[in-house]
Amino acid sequence: MLTFLHGIFLWGTLAVAIPLLLHLLSPRRAVPVPFGTLRFLKAAQKRSSARIRLEHFLLWLIRSLLILLLVLAFALPVLRTAGFGGWLGRARRDVAIVLDVSFSMGYATPRGKVWERALDAAIAIVQGLHDGDRACVFLADEETRPLIELPTGDLDLAMSLLREQQPGHASSDLRGAILAACDALEVDPEREKELFLITDGQEVPWRKLGAADPAREMDPDLKPFFEKVAFFVVSVGSPRPVNTYVEGLRVDPDLLIGGKPGRLVVTVAGSGEDRNLPVTLSVNGEAAGRRDVLIPSGEYSDAEILLPSLPPGTHEAFVEIPPDGLAADDRFHFLLHVFDQVPVLCVGEPSSVYFVRHALDPVGGESRIDVTSLAPGRLGEETLHRFVLVVLCDALPLDGQHILALEDYVRSGGTLVVFPGDRAGVSDYQSFNTLPAHPTRIDNVPEDEAYSPLFASESGDDLSLAQNSVSGITLSRRLFFKVPIENARVLLRTREGHPFLLARNDGDGLVLFFAVAADRSWSDFPLSPQFLPVLHRAVRRGSGVSRSLLVAEAARELALPPGTRPLTDGAAIMGPGGEPVEVRSLREGRGEIIYLQDATTPGVYRVGAEGSPLLAVHLPPGESDLTPIPNTVMARLIGGDRDRVVTSVAEMLQAVEAYRIGRPLAELFLWIALVLAVLETLLANRMSRTSKTLQDTIIVDASGRVSESGKA
Amino acid sequence: MSRGITDLLTDRQLQLLDRLVLQSRYVVEGSLAGRHRSPLKGASSEFSEHRSYIQGDDPRNIDWKVLGRTDRYYVRRFEDETILRVYFVVDRSASMGYGSGPLTKYEYACRLAAALAYVTVKDRDAVGLYLYSSETNAVLPAKNSMSHLNSFVRTLVQQQPGSKTETAPTLHQIARSVRRRALIVILSDLFDDEDDLVRALAHFRKQRHDVMVLHTLDPRELDLGFPKGGRFQDPETGEEMVTDPRAIADAYREVFGEFLEQQRRRCRELNIDYRLVQTSDEPEKFVRAYLEERRRYA
Chain P
1 MLTFLHGIFL WGTLAVAIPL LLHLLSPRRA VPVPFGTLRF LKAAQKRSSA
51 RIRLEHFLLW LIRSLLILLL VLAFALPVLR TAGFGGWLGR ARRDVAIVLD
101 VSFSMGYATP RGKVWERALD AAIAIVQGLH DGDRACVFLA DEETRPLIEL
151 PTGDLDLAMS LLREQQPGHA SSDLRGAILA ACDALEVDPE REKELFLITD
201 GQEVPWRKLG AADPAREMDP DLKPFFEKVA FFVVSVGSPR PVNTYVEGLR
251 VDPDLLIGGK PGRLVVTVAG SGEDRNLPVT LSVNGEAAGR RDVLIPSGEY
301 SDAEILLPSL PPGTHEAFVE IPPDGLAADD RFHFLLHVFD QVPVLCVGEP
351 SSVYFVRHAL DPVGGESRID VTSLAPGRLG EETLHRFVLV VLCDALPLDG
401 QHILALEDYV RSGGTLVVFP GDRAGVSDYQ SFNTLPAHPT RIDNVPEDEA
451 YSPLFASESG DDLSLAQNSV SGITLSRRLF FKVPIENARV LLRTREGHPF
501 LLARNDGDGL VLFFAVAADR SWSDFPLSPQ FLPVLHRAVR RGSGVSRSLL
551 VAEAARELAL PPGTRPLTDG AAIMGPGGEP VEVRSLREGR GEIIYLQDAT
601 TPGVYRVGAE GSPLLAVHLP PGESDLTPIP NTVMARLIGG DRDRVVTSVA
651 EMLQAVEAYR IGRPLAELFL WIALVLAVLE TLLANRMSRT SKTLQDTIIV
701 DASGRVSESG KA
Chain E
1 MSRGITDLLT DRQLQLLDRL VLQSRYVVEG SLAGRHRSPL KGASSEFSEH
51 RSYIQGDDPR NIDWKVLGRT DRYYVRRFED ETILRVYFVV DRSASMGYGS
101 GPLTKYEYAC RLAAALAYVT VKDRDAVGLY LYSSETNAVL PAKNSMSHLN
151 SFVRTLVQQQ PGSKTETAPT LHQIARSVRR RALIVILSDL FDDEDDLVRA
201 LAHFRKQRHD VMVLHTLDPR ELDLGFPKGG RFQDPETGEE MVTDPRAIAD
251 AYREVFGEFL EQQRRRCREL NIDYRLVQTS DEPEKFVRAY LEERRRYA
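So the protein sequences, as listed, match chains P and E.
So for the first sequence, our numbering puts the first residue at 1; every next one is plus one.
So for the second sequence, our numbering puts the first residue at 1; every next one is plus one.
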């Protein structure tokens, strides 16, 4: 059944009569032509009348069809398969709506908010369903959230639930939501299935679907579904979004000590166009600094702002950029923890830690490094996460429990320095998994090899070591390492190439392993010029646990990072708006992880009624990159149907209509009209062509003698 | 005011025709001595045949040598020579009034007749005229004077085409009226019933006339070269017909070709000299070419 989108043009079908009228009127318009006799004309006409009639009929038919097709093409005909469906019994359909609820959906343009357009599209989809059709809705958040998990025929419920939604504070997992929606559509295989992904066309979430790979076709996990499901992408975002956001920041030094200067490095990124804008810093509610920065489109720039001298304690701060289309990411909250002193733990007998203690605090308190000494057997009495650096000086062998605690400390960001000693044999190191290498033997160094300069390797920049020879030391004993394990590197070597100092990153932390003891029993290294700076750089590097910057990305389940001050039992956590935040603790391995539930609102989360700050939460910066994905790429990733990628509600309705009721036929009609026009030209030319005449077939000589052509 | 031969032919054309001769292919009968062979045996010096003597023969014609050899009487016969009488039978029916060029078929036929008549009279032969359409409209007896030629031309010029064609009955009538052998020149488009027409021509041949048919046609009638369709009108019947000549050109070529072929074939069977002339040809050139050829074959 045909329907017409511009039915008014159907009046033009009356023009089909024009060729017939012209044909009927043509004898009246014919010019009188005197001729010798009609006798032969009549005979010729009679002889060719059948052919002429056929040619005229064909010509009339072609011209009438040509006009008819042109008129119909203007009327935009659509072949309504649903019309047949209604006769045979209309097919029921299940529709899944995947709604992108990432915070980038809150982008506002002068024409309106992206989110409102997305909701309009979602509601239009539900409104377009008929009795018996069903819908399910999935929200693509950082995790898939089913709003209506299984297709329901209660379309009013679906619409009311959709209207209640707001964009979230996280990025979106489109792939997961699409897979969940496909699973939901599998419930009833007899129904027609449609899946609508309503998103802002931001490239970031499409990367999981392979957007970054130009050769990537449809996701193999999705392909089996898409053979049965019609997939529409409704990309309601701005085609050229402009957004600037704080991608990250760091404090230099990592540990801020009361009264000591520091600086804040703010990384600002942007998409859309080059921008020059001010970055302002507020600490404890007061303006604390400002820096102008130029951000090229698609790139980032660092803005360095000097931090004011802050007293020890935790300070609330944020950096801010001028408002733009996406307001949610214009302010970046964080906490600055200013230490009074830097806590360092030295584990070992007093004689073993002597040089280390004095190297860390050579003048008694001026360095602000608070060194705690502990005998190896009392290691369990201290909370390791309180210290920025733990130094083991001939502390092995240790209990397995203590070794596990040390490994956990390292993996959660702590820095561990290990000096060997006479107490431990090589076997005592084997169970210490976080070490860069396990020693195979303890060598007594011959006297002729005792003196050796130390050479820094290329990877020595962990501790800012110079890459040439640093100085010489005299060795009497040392650990011999055969093969460093994964992620390990040699920072210092002896002249013979033996590793002297190894390092390894494990988890978020760092382990430094010396080949000699921390006292003079194995070498004169404690007396060498490198000893003190190496330790101080290790302290500086070792701020991983108790760093000054306290901030975390928003998440549905936010695990409190190490270094967050411990919570007392029953302590209430309040969100940025003063709303209580649910806390859940999970014992994992040897420790306990505290999770904040629904910590998705950016801002400062506080503890208890007094409101002391606990943690600052910021939005995931990746989601702020609004670089759009081209429609062609989206089409490729959903199976190559360009018509199924639409950018407005109107386009979506048209595409859906075209899919559900058939394709528009205007283009087809125009092609047929073109073919008919060519046929008409050929036929008309054939009818008016100059054929051979008698003059061509007979020869009449000058004397009037007649002979046939070729017989002359 | 008609002046005569110069109404139809220019001095230049007449000059071109001066040295030409129209000869009959057969013997003709005339009342005056001339240069054409006559069926009558007369007093000319050219021996023809022997014949047994019968009473009444001139004894001067007895061949004494034969008598001496055979002891029988034979008389010698000699060929007679006479003038040629040429009758022009010109069709002035309405169809002859058609012309796509500067001349209608009738005007062209008049020019041809005048040219041939001029050649004939100049050679001291006689020309006569039958002008007909549905009936005989004008008759001029055969005479061989220039004044007669001028009358001949004036008669042609004064008459205009305008009636239906009745060629066959008219030719029968003419055949009956011309009793002595002569050269009959028919100028017509022959748009008549073919069977009747051939019977009329046969009538001439039966009377031993030398017959020449100058089938006069307009080039458009041959090629139907109209650029577009129209309402075609028949000048004799007044009928009209709407058609597109381009659409029926092939069929017309076949039909008209068959018509021409039939005329040509039947004339050949009757030993009639059939010529196709088109109004686009120059009359004096046709006459020259035709008479030259006729002289060669005479």
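Honestly, I wouldn't trust all of these hints.
What the hints assert, rightly or not - In silico DSSO-like pairs for lysine-lysine, Cα to Cα no more than 27 Å straight-line: (1) P:Lys46 to E:Lys228; (2) P:Lys482 to P:Lys42; (3) P:Lys46 to E:Lys164; (4) E:Lys285 to P:Lys42.
Everything labelled a hint here was simulated from the structure, so no lab data went into it.
How the hints compare with the structure:
{"no.": "1", "hint": "P:Lys46 to E:Lys228", "verdict": "holds (19 Å)"}
{"no.": "2", "hint": "P:Lys482 to P:Lys42", "verdict": "violated (116 Å)"}
{"no.": "3", "hint": "P:Lys46 to E:Lys164", "verdict": "holds (24 Å)"}
{"no.": "4", "hint": "E:Lys285 to P:Lys42", "verdict": "violated (34 Å)"}
The structure is inconsistent with the numbered hints 2 and 4, although it conforms to all the rest.
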